[in-house]
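Assemble the complex: chain D is given as a structure, and chain H must be docked to it using the hints.
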Amino acid sequence: METVLGKLRQSTSRITRRASLTGNGAPAVTKDEIIETIDKFIPPVTPESDNNNLKKAGSHDNGSPGSESSSASHAHSYSSEWERLFMRQNYFKKLQEQGMDGNLRSSRFRSVCWKLYLKVLPEEKENWSEHSLVWRKKYEDLKNKLIVNPRKEVEGIDLSLNNPLSQNNESPWNKFFQDNELRLTIKQDVIRTFPELEFFKSEVLREMMIDILFCFSREHYNLSYKQGMHELLAPLIFVLHCDHQAFQHACEIESIQELIKDIMNPSYLEHDAYAMFCQVLETVEPWYMSKDFVISQYRGKDFINAQPFAKCQDLNPSNRIVTKLTRIQDYILKKHDSELHLHLERLEIAPQIYGIRWIRLLFGREFPMQDLLMLWDAIFADGIGFDLVDYLFVSMLLYIRDLLLSSDYATCLSTLMKFPPVPDVHYFIVKSLYLREPNQYPRPPNYTYQTVNKIPGKTRNHKASPNPPEGKRGSTASLPVLEDTTLRQTPSASSLARLETSSLRSYHSSPAGYSPGAISENESLHSSPTKYSTLPNRSGRNRGGKKLTKMQENDIQHHLSYLQGRLNEKETMSRYCSSKLDVHIDRLQSELQQIDMEQNEEIFLALAGIKQVRDVLNGTLKFSQNLLDEDEININDNHYKDDVVIMTPDSDIAMTAEHDNRRELLRKRQKMFYQSSEENSENAESPESFNGVLRPRTEFELDDYEKHSKLRGGNAARGNMSESTISESQTSLSSGNMVDSPNPLYCIESWEEVDG
Amino acid sequence: MAAGPYNYSYIFKYIIIGDMGVGKSCLLHQFTEKKFMADCPHTIGVEFGTRIIEVAGQKIKLQIWDTAGQERFRAVTRSYYRGAAGALMVYDITRRSTYNHLSSWLTDARNLTNPNTVIFLIGNKCDLDAQRDVTFEEAKQFADENGLMFLECSAKTGENVEDAFLDTAKKIYQNIQDGSLDLNAAESGVQHKPATPRNPLNTDQTPNKEGCAC
Numbered sequence: 001m002e003t004v005l006g007k008l009r010q011s012t013s014r015i016t017r018r019a020s021l022t023g024n025g026a027p028a029v030t031k032d033e034i035i036e037t038i039d040k041f042i043p044p045v046t047p048e049s050d051n052n053n054l055k056k057a058g059s060h061d062n063g064s065p066g067s068e069s070s071s072a073s074h075a076h077s078y079s080s081e082w083e084r085l086f087m088r089q090n091y092f093k094k095l096q097e098q099g100m101d102g103n104l105r106s107s108r109f110r111s112v113c114w115k116l117y118l119k120v121l122p123e124e125k126e127n128w129s130e131h132s133l134v135w136r137k138k139y140e141d142l143k144n145k146l147i148v149n150p151r152k153e154v155e156g157i158d159l160s161l162n163n164p165l166s167q168n169n170e171s172p173w174n175k176f177f178q179d180n181e182l183r184l185t186i187k188q189d190v191i192r193t194f195p196e197l198e199f200f201k202s203e204v205l206r207e208m209m210i211d212i213l214f215c216f217s218r219e220h221y222n223l224s225y226k227q228g229m230h231e232l233l234a235p236l237i238f239v240l241h242c243d244h245q246a247f248q249h250a251c252e253i254e255s256i257q258e259l260i261k262d263i264m265n266p267s268y269l270e271h272d273a274y275a276m277f278c279q280v281l282e283t284v285e286p287w288y289m290s291k292d293f294v295i296s297q298y299r300g301k302d303f304i305n306a307q308p309f310a311k312c313q314d315l316n317p318s319n320r321i322v323t324k325l326t327r328i329q330d331y332i333l334k335k336h337d338s339e340l341h342l343h344l345e346r347l348e349i350a351p352q353i354y355g356i357r358w359i360r361l362l363f364g365r366e367f368p369m370q371d372l373l374m375l376w377d378a379i380f381a382d383g384i385g386f387d388l389v390d391y392l393f394v395s396m397l398l399y400i401r402d403l404l405l406s407s408d409y410a411t412c413l414s415t416l417m418k419f420p421p422v423p424d425v426h427y428f429i430v431k432s433l434y435l436r437e438p439n440q441y442p443r444p445p446n447y448t449y450q451t452v453n454k455i456p457g458k459t460r461n462h463k464a465s466p467n468p469p470e471g472k473r474g475s476t477a478s479l480p481v482l483e484d485t486t487l488r489q490t491p492s493a494s495s496l497a498r499l500e501t502s503s504l505r506s507y508h509s510s511p512a513g514y515s516p517g518a519i520s521e522n523e524s525l526h527s528s529p530t531k532y533s534t535l536p537n538r539s540g541r542n543r544g545g546k547k548l549t550k551m552q553e554n555d556i557q558h559h560l561s562y563l564q565g566r567l568n569e570k571e572t573m574s575r576y577c578s579s580k581l582d583v584h585i586d587r588l589q590s591e592l593q594q595i596d597m598e599q600n601e602e603i604f605l606a607l608a609g610i611k612q613v614r615d616v617l618n619g620t621l622k623f624s625q626n627l628l629d630e631d632e633i634n635i636n637d638n639h640y641k642d643d644v645v646i647m648t649p650d651s652d653i654a655m656t657a658e659h660d661n662r663r664e665l666l667r668k669r670q671k672m673f674y675q676s677s678e679e680n681s682e683n684a685e686s687p688e689s690f691n692g693v694l695r696p697r698t699e700f701e702l703d704d705y706e707k708h709s710k711l712r713g714g715n716a717a718r719g720n721m722s723e724s725t726i727s728e729s730q731t732s733l734s735s736g737n738m739v740d741s742p743n744p745l746y747c748i749e750s751w752e753e754v755d756g
Numbered sequence: 001m002a003a004g005p006y007n008y009s010y011i012f013k014y015i016i017i018g019d020m021g022v023g024k025s026c027l028l029h030q031f032t033e034k035k036f037m038a039d040c041p042h043t044i045g046v047e048f049g050t051r052i053i054e055v056a057g058q059k060i061k062l063q064i065w066d067t068a069g070q071e072r073f074r075a076v077t078r079s080y081y082r083g084a085a086g087a088l089m090v091y092d093i094t095r096r097s098t099y100n101h102l103s104s105w106l107t108d109a110r111n112l113t114n115p116n117t118v119i120f121l122i123g124n125k126c127d128l129d130a131q132r133d134v135t136f137e138e139a140k141q142f143a144d145e146n147g148l149m150f151l152e153c154s155a156k157t158g159e160n161v162e163d164a165f166l167d168t169a170k171k172i173y174q175n176i177q178d179g180s181l182d183l184n185a186a187e188s189g190v191q192h193k194p195a196t197p198r199n200p201l202n203t204d205q206t207p208n209k210e211g212c213a214c
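For the protein sequence lines, the chains are D and H, in the order given. Note that full-length UniProt numbering numbers the first sequence so that position 588 is 588, with each residue one more than the last. Note that full-length UniProt numbering numbers the second sequence so that position 87 is 87, with each residue one more than the last.
Okay, chain D solo, but in the shape it has when bound:
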């Protein structure tokens, strides 16, 4: 590499000198002029003239493939690969297919393929040399024109204009300083390009990248340089370099035809990279354009901070990338996975939070380099519009859907910001093609990120659980840990259910060691037992697994993600409220105790009431039937009546419960599902009947609990979310829910630990 770059530098400086002598303006040169000029200073590496090349290229086209390739003695030779790729009839179409199929992975001409895809080279081979020349010349001229050093231009200068202190806009010094600033900005990014790859640490290479980006941004004033561009450039250079290496290696072994030598000339690494970069940016440019929107595609958090409650629509609608992302999420994703769409929407994870980076870098940060190159093969091969990007985007989301669906806001975001490892990136290409044109392409297996491996950690806690749903979970307790995951979230029931379709047919990492275990027949109402019994086992019998009707499954999952979302929301809210209350109570109390307020007992009562609310909210005071009962008692026989308001699921009612009929309604509702409150308050007065009260209540509770879990089926197997949490949230969600759930209150038997 060093030597190549050294050569390149040499030739470049030579070219620079000559070009400055000829002093031509880049834009208005004719083809002949270019050829002439280039001929003059073509570097010694390619001594042949272009005319020669053109002739040869022409003859290639006429002659049948292989007929004149003297070096095609062995099948895997360099030249024969060239011929196989570019010499056949309709080669471009085949080349596209190869890109799509991921067959360029080991090709030594990937850069040429990319040039073709990107229209840096035309389809007609006879024009290749010419086009290469045009591009190379263009870049050369640009460089000469744009990279100036005022110190060297001493001839015929106007000192009033041309001095370092001049404020004049036309002063070359002024421009020089501005340029330096831009270069510094670019450098900041360039030195951080793919830090994991040694390749990008070379100083010469970094200089080259800076030059390319600098020239580009000066050429495109409207766009200028934007963060992220360097990461589009880097893989291009990488591919060119790899091909050049292969070329040089081949040169030592076999004789290479002139066209290849010309196209693969390592001296023009920088030039060719520029050409490809320009073509890529041609398409990508709108995604970088922004009005007043600060690009911070890497720092999603900044972005969030800047617009805490922004939804995609609110956020600078003129922004092209947002439009694109909105389309991806609200149209493509919604169409293919409405549940996931709903989930993300509910968590208010706008696609631009993570997607701007995905798209602008063409997924450059989501995959390791080799995977990325394959992805780019497909993106480029698919067409210059990079239309495939949208569908790749969605197929990536679908891949991690189970993970997302079972996660809360923070976990979702971190998953999206740090995409989990993928065994075979080609899956995304297949999937995205199918997503785009379901009729044209075969349906790939549903392949989702392996969340399975997290079940064991989950079930450990439930081994001896007496509760049916957890016993059921126990059946999967022998699942081996397949791989280490950094994710703490546990799979939702939906992801369990998905196993059937996902991991079973997955490509490489189909989990091999399941033991289906004994699965109770009656385990769930909604998610059919067959679902679980088709968990893969070693023998791989399971393909016959019966599917739930799609509708049913969707319904359940839809419902699940909805409840999950609400639950998380409410839980967070409760904690927040209680901690805030705590702070305020402290302040209030210390103030109150300083001043003498013995007379004002209402204030103390209110404070005590607020404390109670706090304790209910943070879970230390069990929210229970008793609270409701006491509330009733208070309202009925207490002289503070309306002053003490105790938080209940019906508190909204209780608060406004000045009307007796309202209260009557509440009581009726309670009677339907609990022991009537009258009964309870009687019991409270007479200790004798106490035992009688407790016993049936407990039984009721257990019974109820079972019913409850059955109702919710697989849901009960959900990870950290337990029965009581769910019930609690359901209870507090809406008073109307009380009618639906037989006795949610009795499921809340957990009292939470408080560290004082």
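By construction, these hints were calculated from the structure, which means they are not laboratory data. Don't be surprised by glycine CBs; every beta carbon is placed ideally from N, CA and C. No incorrect hints appear here.
Derived CB-CB ranges, DEER-like:
hint, chain 1, residue 1, chain 2, residue 2, range
1, D, Cys577, H, Lys34, 31 to 37 Å
2, D, Leu592, H, Glu33, 20 to 26 Å
3, D, Met573, H, Arg74, 26 to 32 Å
4, H, Arg51, D, Tyr331, 58 to 64 Å
5, H, His192, D, His584, 33 to 39 Å
6, D, Asn439, H, His192, 55 to 61 Å
7, H, Asp144, D, Tyr409, 54 to 60 Å
8, H, Ala56, D, Glu196, 51 to 57 Å
9, D, Leu588, H, Met20, 16 to 22 Å
Positioned in the frame of chain D, the structure of chain H alone reads:
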């Protein structure tokens, strides 16, 4: 969720009840801080304290709710009774009225807790023996009649304070051991840490959850 972050195996919930001014908050303070709080303001509603103790080699965390004695707070404090494993019922040995009210406190406690709740009678301020208004024997008899454990304590000197809390815990622990207290029962007031299948709320809460150590 494993016992990792917890260095105790049980949580017992206590409540402290009794007339105003008998020294409930001071008892709690003496127990948790090992200090006497001289001019303790009257409790507004409830206060909260915790301490980890050891019974039969088992670490047990006590969650103690200190309730207000004033009648006006009764509506609020009652809601804290439920699910208590232990109830400390306190009277002031220098004020007969606080002793006389015990039966109503006991009724409340019996009604609002479960049958296995250990009720411990505490005659506080035993350092003020000169002003004694209720004899030890009398209170002891009341305790025996009602099946209560009994001690005279002093929150000021700390005498017997530790014992009252510990004896209660021992009794609860004994109840667990001999099976009379069913841990799975909803209102046992005891939480067994390592296996808490029914208390998932705890699982996703790191112990940093702020209590109300006000």
